[in-house]
Amino acid sequence: MRKIYLSFESKIKKIEEEISSLAGKSKITPEDEKKILILKNNLQAELKKVYSNLSPFQRVEIARHPQRPKTIDFIQAIFSDFVELHGDRLFGDDPAVIGGLATLEKLKVMVIGHLKGKDTRENIERNFGMPHPEGYRKAQRLMKLAARFNLPLITFLDTPGAYPGVGAEERGQAWAIAECLALMSDLPVPTISIGIGEGGSGGALAFSLTDRLYLLENAYYSVITPEGCAVILWKEKSKAPLAAEALKLTSYDLLELGLIDGIISEPPGGAHRFPEPVYEKTKEVLLSSLNELLKLDRETLITKRQEKWRQMGVFTEGD
Amino acid sequence: MRKIYLSFESKIKKIEEEISSLAGKSKITPEDEKKILILKNNLQAELKKVYSNLSPFQRVEIARHPQRPKTIDFIQAIFSDFVELHGDRLFGDDPAVIGGLATLEKLKVMVIGHLKGKDTRENIERNFGMPHPEGYRKAQRLMKLAARFNLPLITFLDTPGAYPGVGAEERGQAWAIAECLALMSDLPVPTISIGIGEGGSGGALAFSLTDRLYLLENAYYSVITPEGCAVILWKEKSKAPLAAEALKLTSYDLLELGLIDGIISEPPGGAHRFPEPVYEKTKEVLLSSLNELLKLDRETLITKRQEKWRQMGVFTEGD
Amino acid sequence: MKEEKKGFSVPDGLFIRCGVCKTILFRKEFEKNFKVCPHCGFHYRLSVKERIDLLLDNNSFQEKFTELRTADPLSFRCLKNYSELVEKSEQKTGLREAVVTGEGKLGGISLALAFFDFGFIGGSMGSVVGEKITRLFELAEASKKPILMVIASGGARMQEGMFSLFQMAKTVTALKKYQRRNLPYVALFTNPTTGGVTASFASLADIILAEPQALIGFAGPKVIEQTTGSRLPKGFQTAEFLMKHGFVDLVVPRSEQRDTLIKLFDYLIGG
Amino acid sequence: MKEEKKGFSVPDGLFIRCGVCKTILFRKEFEKNFKVCPHCGFHYRLSVKERIDLLLDNNSFQEKFTELRTADPLSFRCLKNYSELVEKSEQKTGLREAVVTGEGKLGGISLALAFFDFGFIGGSMGSVVGEKITRLFELAEASKKPILMVIASGGARMQEGMFSLFQMAKTVTALKKYQRRNLPYVALFTNPTTGGVTASFASLADIILAEPQALIGFAGPKVIEQTTGSRLPKGFQTAEFLMKHGFVDLVVPRSEQRDTLIKLFDYLIGG
Ligand SMILES: [Zn+2]
Ligand SMILES: [Zn+2]
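Residue numbers (my numbering), protein chains in the order written: chain A, 1 to 319; chain Z, 1 to 319; chain P, 1 to 271; chain C, 1 to 271.
Simulated from the structure, these hints should not be mistaken for laboratory data. There's no promise every hint is true.
What the hints assert, rightly or not - Between beta-carbon pairs, the in silico distance windows are:
id, chain 1, residue 1, chain 2, residue 2, range
1, P, T23, A, T120, 51 to 59 angstroms
2, P, R180, C, D259, 49 to 57 angstroms
3, A, P188, Z, E307, 24 to 32 angstroms
4, P, R180, Z, S265, 40 to 48 angstroms
5, C, L79, Z, S265, 33 to 41 angstroms
6, Z, E307, A, K295, 36 to 44 angstroms
7, Z, E105, P, G107, 16 to 24 angstroms
8, A, T300, P, E138, 18 to 26 angstroms
Computed from a predicted model, the values in this text were never measured in an experiment. Note that the Cβ used here is the ideal one computed from N, Cα and C, for glycine as well.
Just chain A, with the same shape it has in the complex:
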């Protein structure tokens, strides 16, 4: 697959292309090898430089990178024996949401996530990871199964948002999301969310009222898209980078504000360039969180979750 480069990766692109052109030669001289080594060092330095100075909007671009690993990649890399379960038993089986039974080391769990496609064809099929109400209702069904059969719930967040379309409105998008929230608020099993890419507003929130909420370093989570915010506040879509800044939507901002429980770091170059270490870290985080949460009795678990979400918000009190 041809690599796709982001706007701020032009220098990286140049180095990587030089490396592959040298490495692709039919005869590689010792001279070439030396050059490659130097270029690789340069590449490392450049990746570090670029990726340690990312603007919020650049992180949004990384979160949206078409080659960033998707929920299905995380499922395949981290779990074994995945059995996908389909359908909401009401209207449809939303391809923008994937869910099923999976095994994490020896732990049996229920996994649910938004699912984007890997290419245009897949993205059209999966509606670019934007669920319809039936996606949220499929999730609700799986959540209830998880509760019934005592399976911890793990969700992966990766959506630009719930789909704003005629059918989605006709079938109660707002209700579908609200009912997910209601169900998760006292689901009697441990629940963990991992934001792996885009955290698009209510469409992402529907899967993240959990005991623990982590974001990959370059994932974002926002009340509104930077573009949408820019149009409303500056009347210009091009002001999206400003909006991204103002909205405090990066993993670092959100951790600092106390809105998420932790960051899963990505190598310089991002999860789309180096997914393996990200899978590994995600797995560690899941295992250690589950370990903690499984020690709690059901009632304590729910109470703690409710307390966690009870304290969200900043205001002053008293006249």
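Place chains Z, P and C with the ligands on chain A using the hints.
Below, chains Z, P and C with the ligands without anything else, positioned relative to chain A:
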């Protein structure tokens, strides 16, 4: 509204028309009055004669009589302060099912029923009382409200059956009915069904897994329409009267077989001719049943309902 | 709503012109009619005070949680700073936030109450709105009171970023604890009810009433048109449309709202 | 299914011809392949015995409730009497009713089991089928066993009238009591699964698997065509269609059924 006569009512029709032609004269002589009195006596005698010798299929015809009182008529005649509630919170508001809060004397209850139209236009709007899945799901929502707010549930049965259509299948007709049954099997409030007209198979059953099930005298309740049965078994729709006989679908048959809890009698001439006394009797039955059921504690109520339905069926045991 | 703006285009005269049906109306009659056009039935926006007058028993309302004040947790900067926006909204509406919460009576029934004002930053939910709604659920749970909420909101409040989004989770968590007690919660959706408020505590009410023609939905119609690139069907996202699609129990004009609500609460607490 | 009948049109030879794709097949190979056409993948009907061989651990099945016998509660009369029909079906299938119930093991997991045979009066549910299913739920509840049911049914059995219809209510009541214990129940829908069985205990399974191309629905396709007066869309009411519409978890070919079921039960009892 012009009276509609059934095939076996030709003599009744003749007498009634003679009466109205006499009564409609601009000047009614004492002679006319005498004639009318005699005719009225004849009418009574004829109604009694015809209506005490009805064949099963004739009862089916009465149950389907377009002028037979509908669920809405029972609601208006028996209850006060009806507040209709709409929608399944999932897909639609099925006009073939009506439901809402109502007051029976001083008792607050939830009422749900199939709803046919009073004329062709209304019948098209209400799909001739044949629900789609959203009708059963609206009912489920109202049943849950009844349980939450401790309101006894009263259902009226009057449907040719659940609608056999493409959309109904696409949206899970079978599931919608099954979930009604599951919900009713342990609903923690008293539940009573009244079959007022057609009891069309699973479409009617969905509302009748109750503590008490009554049928109006000329209502029917059947596993399949007589016509459907005739086509399958005799390969001829015209054999419907034979099928109606074989299926044991009248209120009298069903009471004898122990499948219903009682019959609400209709005056000779039927509920379409004399609805008022039928409303009255229905109200009495509801009040006395509710009175009994409200004495039971929740657990006993549910246990008794489960035991009632547990023993349905006839078979032999032992080789 | 464009029509509404038009309806108020002659703001100070003896007469106003209905923006929808263009009829010239006596201002007094219009206001006595709770701002419903007597000609076309369009329901114009009401202030919180007008809502209270319309629905509650006289002088029964007692506001609660007035001590909560909006902070600016993101130090949000754009053309206009967030704190200035809040200040301006306070002046414009005479309110301190987009929702007024409290207790009051309706037909003698004690209720916990929330009234949204769309004029306050589009009735949007930030930390204070979320906290007030949450406290209202807690108060109602503790005192076993039924709840009535009159909604009018454009959604979560952008200027508090993820704090706003998480108010959806917070309010629903409180609601779920409340609903476990089998206490009734009725919502009245007014124009407009969209976004994060709809997708959280608002649509989880036991019974949902709506005002005629009120805009109700998750996404706003503009966003949908832009995303799908097609024109919206007529009547899309109106209260009547929502009822047809199964999400609204009843569309109730203002003249009947008080009576309907009294009946409803009577059923839900008396069973 | 017309195709199926065609498929068995050369019933005694060394070869048979697949009614769907017209390929000539070795009968032995076809049967070793559990009656799935190796060419087009069409799943032909299996007997209960073949199902048990396909799915369960060897010799683990023990039939239960064999003492139940069909009565004729309506003394049902038509061209052919009900009792004659039952007798003929017994002879044809070697079974005593349309469902075989019992206990057995699947990958070492003890299960309560039901297998329907469509050959016995269309797999229809009368009093005995209802009673067997009910007893199976009760047995499974008492012994805390997971349940697997392999469904094939045309619905309620006409010849027992309302007794048959009420088996839907009876079985669901037993199922609900069973499910309160959070014990798992998996159903495998085979061709065809329609009518009253679908509209009761079958579709309330926690997980629903289906065989490829199996007909699944409430109403049969003929009835729908007659009622609506229009032709049905292609693939309507197939297992794949049902999955797309949200009612089937997975469509699983015979070759994978045993493994998938073992995995599933492992998840549902091991959590
Ligand atoms: Zn007007
Ligand atoms: Zn073939």
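Check your understanding: Hint numbers the structure violates, sorted upward?
Key -> 2
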